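Novice: Using the hints, position chains B, C and D against chain A.
Residue numbers (the numbering used here), protein chains in the order written: chain A, 1 to 383; chain B, 1001 to 1383; chain C, 2001 to 2383; chain D, 3001 to 3383.
Please keep in mind that the hints were generated in silico from the structure rather than gathered at the bench.
Do not rely on the hints blindly, as some may be mistaken.
[Claimed, not checked] The list that follows gives simulated cross-link-like pairs (lysine-lysine, DSS-like), each with its CA atoms no further than 25 angstroms apart: (1) K3382(D) with K2379(C); (2) K3368(D) with K3194(D); (3) K2348(C) with K2368(C); (4) K2181(C) with K2191(C); (5) K292(A) with K1265(B); (6) K2181(C) with K1078(B); (7) K1003(B) with K2078(C); (8) K2368(C) with K3379(D); (9) K181(A) with K194(A); (10) K3265(D) with K2265(C).
Since the structure is predicted, the reported quantities are computational estimates derived from the model, not experimental observations.
There are 4 protein chains.
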Amino acid sequence: MRKIRMGMVGGGRGAFIGAVHRMAAALDGQIELVCGAFSSSPEKSKASGQDLYLDPERCYGSYIEMIETEAKLPDNLKMDIVSIVTPNHMHFAPAKLALEYGFHVICDKPLCFDMSEALGLRKLVDDSGLIFALTHNYTGYPMVKQAKQMIAHHELGQIRRVVVEYPQGWLSTRLESSDQKQASWRTDPSKSGKAGAMGDIGTHAENLVEYMTGLQISEICADLHTHLEGRQLDDDGSVLLRFENGARGLLYASQISAGEENGLKIRIYGELGSVEWTQMEPNSLWVKWLDKPTQLYRTGVGELYPETIAHTRIPAGHPEGYLEAFANIYRNVAKCIQARLEGKIVDKIYQDYPTVDDGIRGMHFIDKVVESGNNGDQKWIKL
Amino acid sequence: MRKIRMGMVGGGRGAFIGAVHRMAAALDGQIELVCGAFSSSPEKSKASGQDLYLDPERCYGSYIEMIETEAKLPDNLKMDIVSIVTPNHMHFAPAKLALEYGFHVICDKPLCFDMSEALGLRKLVDDSGLIFALTHNYTGYPMVKQAKQMIAHHELGQIRRVVVEYPQGWLSTRLESSDQKQASWRTDPSKSGKAGAMGDIGTHAENLVEYMTGLQISEICADLHTHLEGRQLDDDGSVLLRFENGARGLLYASQISAGEENGLKIRIYGELGSVEWTQMEPNSLWVKWLDKPTQLYRTGVGELYPETIAHTRIPAGHPEGYLEAFANIYRNVAKCIQARLEGKIVDKIYQDYPTVDDGIRGMHFIDKVVESGNNGDQKWIKL
Amino acid sequence: MRKIRMGMVGGGRGAFIGAVHRMAAALDGQIELVCGAFSSSPEKSKASGQDLYLDPERCYGSYIEMIETEAKLPDNLKMDIVSIVTPNHMHFAPAKLALEYGFHVICDKPLCFDMSEALGLRKLVDDSGLIFALTHNYTGYPMVKQAKQMIAHHELGQIRRVVVEYPQGWLSTRLESSDQKQASWRTDPSKSGKAGAMGDIGTHAENLVEYMTGLQISEICADLHTHLEGRQLDDDGSVLLRFENGARGLLYASQISAGEENGLKIRIYGELGSVEWTQMEPNSLWVKWLDKPTQLYRTGVGELYPETIAHTRIPAGHPEGYLEAFANIYRNVAKCIQARLEGKIVDKIYQDYPTVDDGIRGMHFIDKVVESGNNGDQKWIKL
Amino acid sequence: MRKIRMGMVGGGRGAFIGAVHRMAAALDGQIELVCGAFSSSPEKSKASGQDLYLDPERCYGSYIEMIETEAKLPDNLKMDIVSIVTPNHMHFAPAKLALEYGFHVICDKPLCFDMSEALGLRKLVDDSGLIFALTHNYTGYPMVKQAKQMIAHHELGQIRRVVVEYPQGWLSTRLESSDQKQASWRTDPSKSGKAGAMGDIGTHAENLVEYMTGLQISEICADLHTHLEGRQLDDDGSVLLRFENGARGLLYASQISAGEENGLKIRIYGELGSVEWTQMEPNSLWVKWLDKPTQLYRTGVGELYPETIAHTRIPAGHPEGYLEAFANIYRNVAKCIQARLEGKIVDKIYQDYPTVDDGIRGMHFIDKVVESGNNGDQKWIKL
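Okay, chain A solo, but in the shape it has when bound (with noise of 0.2 angstroms):
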């Protein structure tokens, strides 16, 4: 066998995005940044891709020059797989170029910029085949795993609620009015998208339940907000879910939750017992149950899924993180890049990556919240 090849595309000097999917990438010695287009100034790409040691040769002016420019290299050189992580609106064009030339694709979320974008990339994927991932990173996490499949094995018996909060609090002032490149597209709906929070991290709260529980949602009420004066996109914003089951739930995201940092955390309950994970501590995981002590799962200690274990690297009390979890994405879908190449099929607990299916999925939600939130009448919309 040998690693994978990868390009990128986006991620120069300056982006946050970017660093994180190489680190993630080169983590476990499976994949092999080989070239990039980081940037859409030819000249800061170059320099983003000396900055990362890659042959000047193969740092391109644009994503199209490094599509077609490497799908002409022989194939002990080409990259296999193309990386994107630039903003939203920058999505769906270098996704369909490298689908439409043969190569793999691994995506940042949300999948795009709009449902028609959407759309069109799934025919796409559909039509070559291909593998196409999505980062929602969080599903990478071993906890999130072992609760999944403590779910899908009946531990909690039927699910009757769900509680998914995602606060943060790094837009509390008008950042993307000072020179903030996260703050300024983010908030920006000709690059963002629709929504602002409910795109940016909302999507990663409903995209963390529906892996998590096996349920979908299928209708929400919302109400989003724009606390900020000028903004012009939701920056809080609350959702009352109905599952398709009967559970009943709740999901919100803001952005403007003052000291908070990253505050993903997810309460699944069931009619025996609960589960609680909170992504600022990931290792851990309780159990609650009805008239028994609460339980602390942790990675690496006692009897886990098998799934769970495949996801962690260092024995227990070693703590894995943000990368780590993010890292399984990339992992898992090298290995199932491995297999293809050697036509063999990987085993099932690697094929666990978020497809394009989840963005459709993701893309609708931003859709109905927003139509939802604009709403002022009509109470429930379905999903």
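Specialist: This is chains B, C and D only, laid out in the frame that chain A set:
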């Protein structure tokens, strides 16, 4: 000065909240239990009174007997105040009679069975000029008062968002089908009123939010649900909140959140920072700031508001709990009555207990949440 | 039956622990404070008694006057028990006199000023057959009792290691140079005895270890230190422990641990698992196992030992604290006295309060720790 | 600039710490693994190298072969640094050879088998002028660096007390009797050296204390014990500490603390306040003050020292863990080597990794703790 003399209605053998009221009244040595009508069964009432070492002659067979008899006792013997600890449908009648006979009243929450009783009580209280206290006991915690003062003194800036949650798990099964006294009246609409979890604990959450923020909820949108087949009242519900100042929020109350104990928690976000308080760890108040380290305020540590200090008994690190917070309400009422007896005015810090107006507000909240929960079409309902 | 009648020595205006004893005695409605000698100043004693609404005739000018006068009162009036809440050097004399006059005694810890007093007291208690309780109040917590029972029932296997820590920070400055009453007598060897922090809080730790494990410390090796210049007694110390069964451990007591409140914490490790309990979050007991998820035992949740349940008042999630634990000792003493008055034998569960023998053990610990701390050469000293 | 090229000694299939070193080296994209001698079995070494996608020609049969062969490669190919991840008794020989052939070295802790090896290594390092880094990886955490800087900048005042604890439970049974590779060499004095738990984890604690406080331990008094029959080295021990400035403290290391994972925790108390850091929740630093609210410092939040920021990769609330801290040591070493290659001097912030002198200090600590633990009479031993 002398101790305040108290009679009790309800709280006989097997009751829960009656014993809590008695411990709360006894703790600070300001109140003496002198008589009671502890049960609707005269025999059980007398037996209960003897458990409490009361004079058998003052263990009455009914609240009517108690109030009428005590009213005839000389001033140096007769009770000053009636404590009412019966189920909701049995609040109004004894409260009315007590007020009519000139006794102060301290009453368990919610105020009474329905809005018409509530308005009747308010009139009686207003007309009589007597003290009427409602035991929304969670407002008695020192750290709740600290947060209230921090907000009132603008330390957090304008309030933007509130999240108050109240999960319990004890009604995850049909406990009311067994012999469990607490479960059976709380799930019986003829005793509890029109709401289940929302009346029992949702009103605590509503009261706490308005007490701490100093803001009124102006609009709500609720989803109420009964998860257990055959149960007659809601056991789970979520409410979107809008406040008079434009703040947004969420409130939920659930008694089917399996594995949760008594999880009242509130988070209040302002422009500059936020506070977070959890009832199960009540001596801690988390204060989070934009771009500064989070602070952990603790009872007894450092500079705190006089209101906080006045409701703390023991030094830092010696945990005070539920009974002490409950006792703060009794202690304040006792101080107010003592002041009246002496013709003095008590310090404003001690004029701090929930009143009949808070009770009206809670009944109104119940009405509107039930209306919203039953109303499929209209999204927002004014409060 | 009737309430137990109590007289108090010490605890006048400005004292700390006296008020704690009074609240603890009052909480459960089993004990009535009827008289007191609250101060060495007769005027202050009387004023303090009036603050407490006592009959002015029973606010005595000295403990001698109190004991002698009460002894002459008729049986249906006179006190049953004397509560002693003075500084250490003032425990012995009133305890002795009370026992000689046939009164039961409940006394603050440590037992007394030195070992000779301690042995004298034990003889008086043994000869009189009266009840003598020492308020090592931390043993009163329900979760301490749960851990004790789990160990006694071999749930953890043979005990191998114990770590008990007691950091406080309040003597990080020369507080005794100011007017602070608590600091000044505790740092004065003529009032406190030969140890500072080790006597004040180290003895609590020692008592808790032996109570919970059921094991005796057999050897110690201590390092005591006084960090603040001019202070006469230790304010910081650590002790290596060896137990009779071969277990090893550590105990430390510090009052210069800046920023710590009242951080008593104990961890006990057996062959199969361990328990961890922290006084500042007393309703939680962590139980950790080899290769199984950690359990969080909580007061009121699930199946607990009868000893735990008997010392819990309110349902799960309604936090009980320091005063409730303290009250458990008073309540048990009251039950034991009531049983004697009725010629009955109280359930063994309530015969659970620290005795004069625990007090002797604590005085012995102080002696040996001070000996070890002052002895540069000899490593291990037998206890 | 270019990536630094690394060869590895040890860390073949079935090893634990080798994989950690590889992930740590890969994470930041500064280091490339180019060769290795992964096992004392040449076949296993080659197979392990192929798992890692290495050139089969550079998967060597022994460290001698690796060093000698690599030394002959042209400058644009040959490795720069040797990473040594073998058991303790196999550190010295490959380190010596690597240094003699002019390669930099990064070596797992403790430094080597005994003091004579340690002194030999120091001489080689000093004479060669090469970089020698020791992976006391816990010093790599950003919040450890924050605490170190706060202390160095006198924010806590003079240090008075230190408590460092390191409980693990994984050797609570005779795991070494099974096939467990980690347990078997660690409990074998011919491979581990003269100490068990004290060498394996006690040295981490010792290193962390001195790194964070900037103070040296001057005297110790230890109690070492082996709880499991038949085990040859200590599995549990406690040490009283005295520091050069008069501060006192405690250190303990235990591998029979049933139920503990990897519980390294340190508390450092100064005149004005204290810091508390726990390895299992590494992004939090508790800062406690005299009479002020406790502060929770978090990676990425608010104003932090440049040393902290330079060792943090991702924004607040995105947890970094063990591998990231470990990678900070590799990243700093890489930066230092790159600077040498370019003839530059690296910023002082990156000249921050444990050195051979730290290793000597650790070996000295092991010697003295074992001496003290075996010596029944003498209480204090100078370090």
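Novice: Is the hinted pair K2181(C) and K2191(C) satisfied, with a Cα-Cα distance of at most 25 angstroms?
Specialist: holds, 12 angstroms
Novice: Take the C-alpha atoms of K3382(D) and K2379(C), compute the straight-line distance between them, and say whether it is at most 25 angstroms.
Specialist: holds, 15 angstroms
Novice: Does K1003(B) pair with K2078(C) here, judged by a C-alpha cut-off of 25 angstroms?
Specialist: holds, 21 angstroms
Novice: Are K3265(D) and K2265(C) close enough, with their CA atoms no more than 25 angstroms apart?
Specialist: Measuring from Cα to Cα gives roughly 15 angstroms; hence the hint holds.
Novice: Decide if the proposed pair is consistent with the structure: K2181(C) and K1078(B), CA atoms, cutoff 25 angstroms inclusive.
Specialist: Since the Cα atoms of K2181(C) and K1078(B) sit roughly 41 angstroms apart, the hinted pair is violated (cutoff 25 angstroms).
Novice: Is K181(A) within 25 angstroms of K194(A), Cα to Cα?
Specialist: holds, 19 angstroms
Novice: Are K292(A) and K1265(B) close enough, with their CA atoms no more than 25 angstroms apart?
Specialist: holds, 22 angstroms
Novice: Could you grab the alpha-carbon distance between K2368(C) and K3379(D) and see if it respects the 25 angstroms cut-off?
Specialist: holds, 15 angstroms
Novice: Would you check the hint for K3368(D) and K3194(D), treating anything up to 25 angstroms between C-alpha atoms as holding?
Specialist: Judged against 25 angstroms, a Cα distance of about 11 angstroms means the pair holds.
Novice: Given the hint that K2348(C) pairs with K2368(C), does the C-alpha gap stay at or below 25 angstroms?
Specialist: violated, 33 angstroms
Checked against the numbered hints listed earlier, the structure breaks hints 3 and 6; every other hint is satisfied.
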